[in-house]
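> All chains, full assembly: derive it from the sequences and hints.
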Amino acid sequence: MEKRLDIRGEVCPGLFVKVKAEMERLRKGEKLEGILKERDLKDVMSTLKIEGYQVAHVSQEGEAYCLTITK
1 MEKRLDIRGE
11 VCPGLFVKVK
21 AEMERLRKGE
31 KLEGILKERD
41 LKDVMSTLKI
51 EGYQVAHVSQ
61 EGEAYCLTIT
71 K
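Going by my numbering, the letters in the sequence shown line up with residues 1 to 71, in that order.
These are calculated hints, taken from the structure and not from any lab test. Careful, some of the hints might be misleading.
[Said to hold, decoys possible] Subject to a maximum C-alpha distance of 30 Å in a straight line, what follows is the list of computed BS3-like cross-link-like pairs (lysine-lysine):
{"no.": "1", "residue 1": "Lys20", "residue 2": "Lys71"}
{"no.": "2", "residue 1": "Lys18", "residue 2": "Lys49"}
{"no.": "3", "residue 1": "Lys3", "residue 2": "Lys31"}
{"no.": "4", "residue 1": "Lys18", "residue 2": "Lys31"}
{"no.": "5", "residue 1": "Lys18", "residue 2": "Lys42"}
Okay, here's the thing in structure tokens:
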């Protein structure tokens, strides 16, 4: 199962709080696609790594970035 979460309109710390809440709802091996702005990419990826999540894929779609995160 893969869920999609658009967090382009969020600011820290709410940005990561929303991502973490969605990740906690998933079962091991499930994926979340997070859509965010470039300015937030580095911070979100760092925090995901610290929390033990794996960023499986990063792609750019126009001005947004898509992260595929595996629990």
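> Hint numbers the structure violates, sorted upward?
As far as the earlier hints go, not one is violated by this structure.
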